[in-house]
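*Asks:* Keeping the supplied structure of chain A fixed, place chain B upon it in accordance with the hints.
2 protein chains.
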Amino acid sequence: MKPDFSKGLIPAVIVDDQTDDVLMLAYMDETAYERTLETKETWFYSRSRKEYWHKGATSGNRQLVKSVQLDCDQDTLLIRVDPLGPACHTGEKSCFFHSIEGEQTRSSEQTIYARLMNEIQERK
Amino acid sequence: MKPDFSKGLIPAVIVDDQTDDVLMLAYMDETAYERTLETKETWFYSRSRKEYWHKGATSGNRQLVKSVQLDCDQDTLLIRVDPLGPACHTGEKSCFFHSIEGEQTRSSEQTIYARLMNEIQERK
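As they're listed, the protein sequences go chains A and B.
Taking the numbering used here, the leading residue of the first sequence gets -14, the next gets one more, and so forth.
Taking the numbering used here, the leading residue of the second sequence gets -14, the next gets one more, and so forth.
No wet-lab data here; the hints were simulated from the structure.
Hints may be right or wrong, so weigh each one.
Treat identical chains as interchangeable: a pair holds within one or across any two.
With a Cα cut of at most 30 Å, we get these calculated DSSO-like pairs of lysine-lysine [stated by the list, open to error]: (1) 35 x -8; (2) -13 x 51; (3) 25 x 51; (4) 78 x 35.
This structure is a prediction, so every number in the text was calculated from the model and none was measured.
The following block holds chain A by itself, in its conformation from the complex (with noise of 0.2 Å):
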């Protein structure tokens, strides 16, 4: 099962593997890729820079590959990382930081564990 790069890039949606926050998304073309799995750590092809991309290569903010899933059509890739920080250039963890509708929901881990603290202490 391999990616179908025969209509060009195909996007990569880089999630954080203990928080499930969506971090980013990038490029890949079959090298990048390639060097994704050899590597274990996230490289790109940068559409506006027409080059690859090494995340974290400059910045120490290396994103270290937990999983890599396929989507059914065979052109996304969805790419669990451990990051060793920010995915954002901007600083922000994730790039994800402009709400435009709608409350930025908390994250299952964090809603879950204060539900379940809440159940703790009422038992106490």
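*Replies:* Same frame as chain A, now just chain B:
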């Protein structure tokens, strides 16, 4: 703050608001995006069929929009939804069911739930 459609379609990452699972990725143009905000259900633009696509209009597996976030470059959307059924046309809950590398990690929700249930059991 609006998405930048000047370079064409932009990807929308669809996440289950309850479980944090990444369900699918599909593309939007400005019309699909505006219909999504207006109807609070997901609309996409199908690159293969070259037409608008109201997710679940036929299958009933619509996605109720809970929040919309935009990334730092304004060219990727993250949409958290309450799905009324499987996201994938194969009947799978998520389109990302092919594992290329690593175990499909259990979601934080399940992990934390299991960990805290153990904790509670031990205290009895």
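*Asks:* Could you run down the list of hints and mark each one as holding or not?
*Replies:* Okay, the hints, checked on the actual structure:
In this assembly of identical chains, residue 35 and residue -8 lie within 30 Å of each other by CA distance both inside one copy and across copies; the values are 17 Å within and 15 Å between. Proximity of residue -13 and residue 51 under a CA criterion of 30 Å is satisfied intra-copy only: 18 Å inside one chain copy versus 33 Å between copies. For the homomeric pair residue 25 and residue 51, the shortest alpha-carbon distance inside one copy (8 Å) is at most 30 Å, but the shortest distance between copies (34 Å) is not. In the homo-oligomer, the alpha carbons of residue 78 and residue 35 lie at most 30 Å apart inside one protomer (25 Å), although the nearest pairing across protomers, at 35 Å, exceeds that limit.
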